[in-house]
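Number of protein chains: 2
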Amino acid sequence: MQNFDYRNPTHIVFGQDRLAELNNLVPADAKVLVLYGGGSVKRFGTLDKVLAGLGERQVVEFGGIEPNPQFDTLMKAVEMVRAEKIDFLLAVGGGSVMDGTKFIAAAAPYQGDEASLLKHGFAPPPIDGALPLGTVATLPATGSEMNMGAVVSYQGGKFPVMHPLLFPQFSFLDPSLTFSLPKVQVANGVVDAFVHTLEQYVTFPANGHIQDRTAEGILKTLIEVGPQTLAEPENYEARATLVWSATCALNGFIGVGVPQDWTTHMIGHELTALFGIDHGQSLAIIQPSVWKLRKTEKREKLLQYAERVWDITEGDEDQRIDQAIAKTRDFFESLGVKTRLSEYGVERGGIDKVVQALEAHGMVALSERGDLDLSVSRAILEDAYA
Amino acid sequence: MQNFDYRNPTHIVFGQDRLAELNNLVPADAKVLVLYGGGSVKRFGTLDKVLAGLGERQVVEFGGIEPNPQFDTLMKAVEMVRAEKIDFLLAVGGGSVMDGTKFIAAAAPYQGDEASLLKHGFAPPPIDGALPLGTVATLPATGSEMNMGAVVSYQGGKFPVMHPLLFPQFSFLDPSLTFSLPKVQVANGVVDAFVHTLEQYVTFPANGHIQDRTAEGILKTLIEVGPQTLAEPENYEARATLVWSATCALNGFIGVGVPQDWTTHMIGHELTALFGIDHGQSLAIIQPSVWKLRKTEKREKLLQYAERVWDITEGDEDQRIDQAIAKTRDFFESLGVKTRLSEYGVERGGIDKVVQALEAHGMVALSERGDLDLSVSRAILEDAYA
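Protein sequences appear in the order of chains H and U.
So for the first sequence, full-length UniProt numbering puts the first residue at 1; every next one is plus one.
So for the second sequence, full-length UniProt numbering puts the first residue at 1; every next one is plus one.
I should point out that these hints are in silico values taken from the structure, not numbers from a laboratory.
All copies of an identical chain are treated as equivalent in the list; a pair is satisfied when it fits inside any one copy or across any two copies.
Under the rule of at most 25 Å between Cα atoms (straight-line distance), these lysine to any residue pairs were calculated in the SDA-like manner: (1) K220 <-> E300; (2) K220 <-> R320; (3) K295 <-> I223; (4) K220 <-> E314.
If we strip away everything but chain H, and leave its shape as in the complex, we get (with noise of 0.2 Å):
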């Protein structure tokens, strides 16, 4: 196991109908800033009820945070931030408005160049404060609620922005509030935790015992009640695993001691941007082809996935890891994901524009190893396309 430090403060509140308890732990002199995205949020009643948890506080509202959420719309809260002196932020959304929340806290209380801040990569970036902030997560997918991440779209690119000051200081997590998602989403959202679970997983062996088997957990639950969560929105108890599913895939609990491989989520950022597919398509789309151009350096990680995760034993060792990529593509197909970047309208000359685009964001060592360079990026769109 690698030396490593592990902290994640984030205070879960976990269950049906308990936003009420907002008045425990939001300050009680806060003046909140309520952000959320494109209106769900008050067409299903969330905003209602979470502003009745906030009581009597003064609160301030900032809608329409986009997915994928932009510098420049996340600048307009800064500033109504700075001209409300706010001093508690409550992000009611999914993985983008919580993303965009973690930004204006950190930007809000930022002397500098705001847009600097997207400029770091994984490291922090030099921030020595940020607003406190606290979430209701009303979508089970990107972890955002319980770790210290964000990613903000940029000039046509997007940019990673992690530093401890933006743990959450609580996440409410009501599966019931998720009801209510278009499938498509959901759907997407099962995709993204169970590639976050594989960048942390399918490496190379680090005698990470535990997070081995706690990832292979995640991604036999997520097998399970992915399908049904999908067919049964309204089984709460189906809903409820996949929201802790989703979570646990990244509040860095099955990431320390291990290398991690962040290839699929560098590659399909790209996507997005470039071409406006959904996250989790993209993630759909990069993961197969990353293994199929990278069998060689995952091969003991593979084989052990292929085994724990999808009962695989037949066959020798190329056959068991074609049959585990194949096991996985058609996993993201059956949730109605297409897994093939012909799908999503994009022209094959498109490969060339996200290559140009990785070389402009500097992502041209990826992979657990860095010696992932363009080239094979490269290839990896190719076997991707159709």
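Position chain U relative to chain H; hints supplied.
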């Protein structure tokens, strides 16, 4: 899944030779009380490294915290904290030192009768402050390094103390610091971690899919690594896996949203208090018999445990459960831990004393269902005797 709250703010610093980082984690102006047990931390040089890590800070030492830490011993430390105006506690040792330090952290600022803090069971005692504390964990077993609980011995009983203010701010887990442990302590630690996991897992089904899979992963890992780390005490990777397994077994994560059954611990505590049987040994004695007496109540989870942890699929339900119980007992025995009360020099008449102690301590409605009364506890003890 049941509603739950989860919050665990402890910062884990995992890996070899990191004690110099104490300097970053303990407040620079703190006056520190360093607490330890019988002196092995001196003998093996750990204390020197800790003191070096604390640099120029004012440091006072308190040694001699015994296994199953006694209230009277801990109160001497409380007096020292008050007299010396200590403002940070650093536990260097195993579960007893860490638990004792937590109690001291709660008791030192407490204005009332300190012994009353032991009378709240699993509910938080009425403290409104606690000294900050950190740990350097030298024995993989109790999980105290990453939870808010402690167990203190007082007037012939063992009493839990649990409060969110008692989470360590940080815990150093350096597997190499545990290489010099006596074999019996390592074996007891494996049993302790194993039974911690079981007490949160073998109850009744509650749709805790992630929790179940993670618990099964910890159990399988302990089955693999327990014998290995006993045979090769200086194999860093094996010991690192044990250390992290023991922490994960009782950091709260596998217990969220599911029923828990602390019967084995509660009966085991009386064996330790009355007969001086090591904590891990007491669990190995009681656990198999709890299951024999509670086959009906735990049937579904015992069958799941049999299949997923031990790959037992042959035979009818009762046969599969019996095999799982036998496998568990054999596992404990394979570590050198005896599983019969008679093997620890206890007369059969001692069972009466245990039942009386359970009654005196209010342990009259144990188990995940609250229906395990003294007659069942007696039957468990009779079964466990020989």
